[in-house]
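Undergrad: For reference, the chains in residue letters:
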Amino acid sequence: MTPSDGTIITATNPRTEMKFARRFLRSLSKTRKIRPPSSSSSICVKKRSERIKMAAYWCMARAVGSRRAWSRAILMKLSRGRQHHHHCFSMTMMKTRMRRKNRSTWLGKVKKKKKEEEVRTRSPSPYDEDDDEEGLMKRQTQKLREVVPGGKSMDICSLLEETAHFVTCLAAQVHVMQTIAHHYS
Amino acid sequence: MQPRSREMQGINSLLNSSQIPLSDLHQIQNSQMHPPPHLTNPSSSSSSHFDPSSSHDDFLDQMLSNLPSSSWPDLNPKPFWDDTPPPPHAAENVAFQYDDQASLASKFRNHRISSDGGNPSTTSSTAALMLQAQQQLLMSRGVAGAGESGLLPMPLSLGGGDVDRSRNDVVDGSSFKSPNPGGESSVQALYNGFAGSMHGGGQVSNQTQHFPHHPQGQNLGATTQAPASSTPAQPRQRVRARRGQATDPHSIAERLRRERIAERMKALQELVPNANKTDKASMLDEIIDYVKFLQLQVKVLSMSRLGGAAAVAPLVADMASEAASDSGQAPPNGNQTPSSTSANDTITMTEQQVAKLMEEDMGSAMQYLQGKGLCLMPISLATAISTATCHSRSALINQKGPSSPNMSVLTVQSATAGIAAAESSVKEGASVSKP
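Protein chains in written order, with numbering that gives the first Met the number 0: chain A, 0 to 184; chain B, 0 to 434.
Just chain B, same shape as in the assembly:
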């Protein structure tokens, strides 16, 4: 992350992206010390933003028209505001980005355009001011008053302390564990620090409502590819909502819904084995396959209680044809779909194929077997298994589970062929043998 260019970018188009000002803050915290002379001036004005008793419209009015805030004694916002409008806006964005951005954006643009901002002399001051603003926010929330040097660890510890307070923010919880891998998670930690401080301060309920969503919305905003641009060249009245920061209730509800879905998908991901897929579609496929596999296991288990190998054989054929039609796709290495006659045919065909492949190359044979969900085992082991479980000739099923070879169900044992192929799911090792 290029600090300086990002800073400029962030300051110039603060409303464009939600994470950039915070990453700037992060950079600032990492790089700079807090110069004392800026302490008093920005503190008074920036604190006006965080007046808890007012709604966001009032915030903006306060901020921009420089009304004195009741909670801060050393308040002289007016002259300061005229001088450097951007950083308090930045601080405001840091804390309350997600609400009423339209008016804020318009006013911000007004100020920026009027003040012709962006002159390099103010960048350092703005950076320092943003830092001060954050510090003020933290101090105003009654957090243990850290000194300026303690500012950086504080949001992270705040975030850590607020883990149990935040509800089921799984993503945020994970961000706590890694406090400083990059800008983004520390940004989340900062947000959670703010959220926690808002909780701890006992602030206005609507704000606290917004804050727990803010980290998630932050994630959403952070994870979206490119922030929608609200160009400075636009007329002042038209404000296009940024991605992840929409203002109208429909998109907010939409965002909440998306977040909830993502939560649920994550929970499912932990349940289902083989959950290394990042794609949502493939994850859904995996889930569907797993549910089908479990249902198939229940079916097989219900059959296994009946006993009698002879009775099983017609069932075997039925299930094989069922499985072939259910899975609906043949693996690419030329698997023969089991005919409706009997399962033994498929077994012999498989064995012939494997024998042919083994003559050429052992690896391809193993791959072929793996594609069918089978594996090779020595004959002694196979016979040991068979004598342990089966009475007579074991007519077990060769069954194709769902498409992934990891999910096959039953053991195959051919007493006749020289190769004993035992089917076992690779990952879970689920195997059901027929008595």
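Just chain A, with the same shape it has in the complex:
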């Protein structure tokens, strides 16, 4: 099944796509070189896919640059984690310890955030029937803030703007990745 048949019809900006594609391909080849792709253990596969996903977001953020708040947020978040990824590749004792600590905190934070998100999305369900429009809007903006990177500290106006740009870049990212996957298979 070709991805081109099922692509989402959204606006794509070719310039960003080209930049992202170049960076992403470069990082993919790097990943393939470091780790052999023939590992079959599920944990390893999961780790690899996670890493590829992070690489994708990082390449997208780099392609966009520091112009956008969400790209800055991604870069900052990933630069913190990336250092520790590199440290884990180098495999020194101190660095592995640091990596373990920081990865636990970072991933722990991610997992905690996810749990919080679940809780937050589930707990309002008893309150759904209340006609508090303001509360509904607040919940939705809260959800949006969680989804969009860097959305915690923005007012709703810029949050919406960032979301629009983020959506275009995500769509471009998906488009590029689909094309790459298609060529690989």
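Hints listed in this document are in silico derivations from the structure and should not be mistaken for laboratory results.
Don't take every hint at face value.
A few chain B residues that face chain A, going by a derived Cβ cut-off under 8 Å, partial list only [claimed, not checked]: (1) 251; (2) 255; (3) 263; (4) 276; (5) 284; (6) 286; (7) 289; (8) 290; (9) 293; (10) 297.
Restricting the straight-line Cα-Cα distance to at most 30 Å, the calculated cross-link-like pairs of lysine-lysine (DSS-like) are [to be verified]: (11) A:137 with B:276; (12) A:52 with A:29; (13) A:46 with A:76; (14) A:29 with B:291; (15) A:137 with B:355; (16) B:265 with A:18; (17) A:137 with A:151; (18) A:46 with A:32; (19) A:151 with B:265; (20) B:291 with A:137; (21) A:52 with A:151; (22) A:18 with B:279; (23) A:76 with A:29; (24) B:265 with A:32; (25) B:355 with A:151; (26) A:18 with B:298; (27) B:276 with A:76; (28) A:46 with B:291.
Note that CB positions come from ideal geometry on N, CA and C, so glycine has one too.
Keeping the supplied structure of chain A fixed, place chain B upon it in accordance with the hints.
TA: For chain B alone, kept in the frame of chain A given last:
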């Protein structure tokens, strides 16, 4: 829209609603010709309103105390003003509604009460005067001097001509495209005509600042349900601000903020597919779902590059449980939330359910499938797809995307069952298959 009653209403409570005087104007333009004898008198006085060099307070002073304006030679405002105060006020409201309405309202009410206005003989004259006032405004702005008959097309062409000049007034831009569906958009066109003429005239900067906001504020005022009433029975000093026409800077800033948010929401609406929702809350829901869906697609795509069907199966189970917890709500037709064991269980359960439904009624079966984001396809097509993409037994995921069935991600293929259900997003047709 009832013209006559609205006219009376508008003239009597001009300050109550922003669009009514303009709709009156529109009606007047549509219905009446401009009687010449009224030309000279109102022109002089009404032109005093649009003296560009003065602030709004000065406007009111000019208007009400009938100071002669420098830019108009044939100015004898005083006697005219005493006779018919309402229409110049109306014209004033037409042009400069959004600023310093408090003093204007009070003075207007003073005049109206003093002159005991509203006698029917003046209605036609006031209508004509409002028309004249508008004409004068347009002519004073150096717009290509149309004759009286050309008055109506002119604001619309002005509005059309000023599309590139107005900044990013999306709403106003849309109003240009449909110049005459009703009073409201033509009202917007008129406002944009004024705005454009103000731009073209090179007027005072604060006025030009106000004008681009006026159409948006006009939209805001027009879209609000009921204008706040400032009853004539109120004492003269107390002026309650109308909705969309507040005077203090806080509400103006608030209004600007709301307009900006509405702009951004509109831009987002164009980006996100399935954007036919008019409600802001549901639009936000849609946006959130779409972002989550895209992120999910990225995740899936990053997994698909690793290859190996066997390795995918535990990932499948993980993602299924993730998706179940993420979506957080079960569709109402009794969908079984996928157990943590494996995705195949859910597939078989789904198939059994579908088979049961198909015995009763094909439609309900299709609806059930659609609720889960699946569809039926003939076996030959399914096998063709599977041989095209997959090597061996395809253990693909049955995955529940975000709540709307349009946003499901992956293809499901069961080699065992007699029915092949292929999952595809209905609208976008996004499908990712695992190699």
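Undergrad: Taking the hints in turn, state whether each one holds.
TA: Structure-based check of each hint:
1. Using the Cβ-Cβ criterion of 8 Å, the hint placing residue 251 of chain B at the interface with chain A is not satisfied: the shortest such distance is roughly 16 Å.
2. A least Cβ separation of about 10 Å between residue 255 of chain B and chain A goes past the 8 Å threshold, and the interface hint is therefore violated.
3. A cut of 8 Å between beta carbons decides the hint on residue 263 of chain B: the least distance to chain A is about 4 Å, and the hint holds.
4. For the restraint placing residue 276 of chain B at the interface with chain A, the shortest Cβ-Cβ distance is roughly 13 Å, beyond the 8 Å limit, so the hint is violated.
5. Interface restraint check for residue 284 of chain B: the shortest CB-CB distance to chain A comes to about 7 Å, inside 8 Å, so the restraint holds.
6. The beta carbon of residue 286 of chain B is positioned within 8 Å of a beta carbon in chain A (closest approach about 6 Å), and the interface hint is therefore held.
7. With 8 Å as the threshold, the beta carbon of residue 289 of chain B comes within range of chain A, its nearest partner Cβ sitting at about 7 Å, so the hint holds.
8. The interface hint given for residue 290 of chain B holds, since its Cβ lies 5 Å from the closest Cβ of chain A, which is under the 8 Å cut-off.
9. Evaluation of the residue 293 of chain B hint against chain A yields a held restraint, the C-beta minimum of about 4 Å falling below 8 Å.
10. Hint status for residue 297 of chain B relative to chain A: holds, with the closest Cβ pair at about 6 Å, below 8 Å.
11. Under the criterion of a C-alpha separation no larger than 30 Å, the hint pairing residue 137 of chain A with residue 276 of chain B is consistent with the structure, at around 19 Å.
12. Restraint check for residue 52 of chain A and residue 29 of chain A: the C-alpha separation of about 14 Å stays at or below 30 Å, so the hint holds.
13. Using a Cα cut-off of 30 Å, the hinted pair residue 46 of chain A and residue 76 of chain A holds, with the two alpha carbons roughly 18 Å apart.
14. Our distance criterion of 30 Å between C-alpha atoms is met by residue 29 of chain A and residue 291 of chain B, whose separation comes to about 28 Å.
15. For a cut-off of 30 Å, the pair hint linking residue 137 of chain A to residue 355 of chain B is broken: about 42 Å separates their Cα positions.
16. At most 30 Å may separate the alpha-carbon atoms for a hinted pair to count; residue 265 of chain B and residue 18 of chain A meet this at roughly 28 Å.
17. Annotation: proposed proximity of residue 137 of chain A to residue 151 of chain A holds, straight-line Cα distance about 13 Å (limit 30 Å).
18. For the hint linking residue 46 of chain A to residue 32 of chain A, the alpha-carbon distance of about 16 Å falls within 30 Å, and the restraint holds.
19. Straight-line distance between C-alpha atoms of residue 151 of chain A and residue 265 of chain B comes to about 22 Å, which keeps the hinted pair within the 30 Å bound.
20. The straight-line distance between the Cα atoms of residue 291 of chain B and residue 137 of chain A is roughly 18 Å, inside the 30 Å bound, and the hint therefore holds.
21. Between the alpha carbons of residue 52 of chain A and residue 151 of chain A the distance comes to roughly 22 Å, so the proposed pair stays at or under 30 Å and holds.
22. With a C-alpha separation of about 34 Å, the suggested pairing of residue 18 of chain A with residue 279 of chain B is violated against the 30 Å cut-off.
23. For the hint pairing residue 76 of chain A with residue 29 of chain A, the CA-to-CA distance comes to about 21 Å; that is within 30 Å, so the pair holds.
24. Straight-line distance between C-alpha atoms of residue 265 of chain B and residue 32 of chain A comes to about 45 Å, which puts the hinted pair past the 30 Å bound.
25. The suggested pairing of residue 355 of chain B with residue 151 of chain A is violated, with an alpha-carbon distance near 47 Å, which exceeds 30 Å.
26. A distance of roughly 20 Å separates the Cα atoms of residue 18 of chain A and residue 298 of chain B; the hinted pair therefore holds under the 30 Å criterion.
27. Only pairs whose Cα atoms come within 30 Å are accepted, and residue 276 of chain B paired with residue 76 of chain A is rejected, the gap being roughly 34 Å.
28. Pair hint residue 46 of chain A plus residue 291 of chain B holds up; C-alpha atoms about 21 Å apart against a cutoff of 30 Å.
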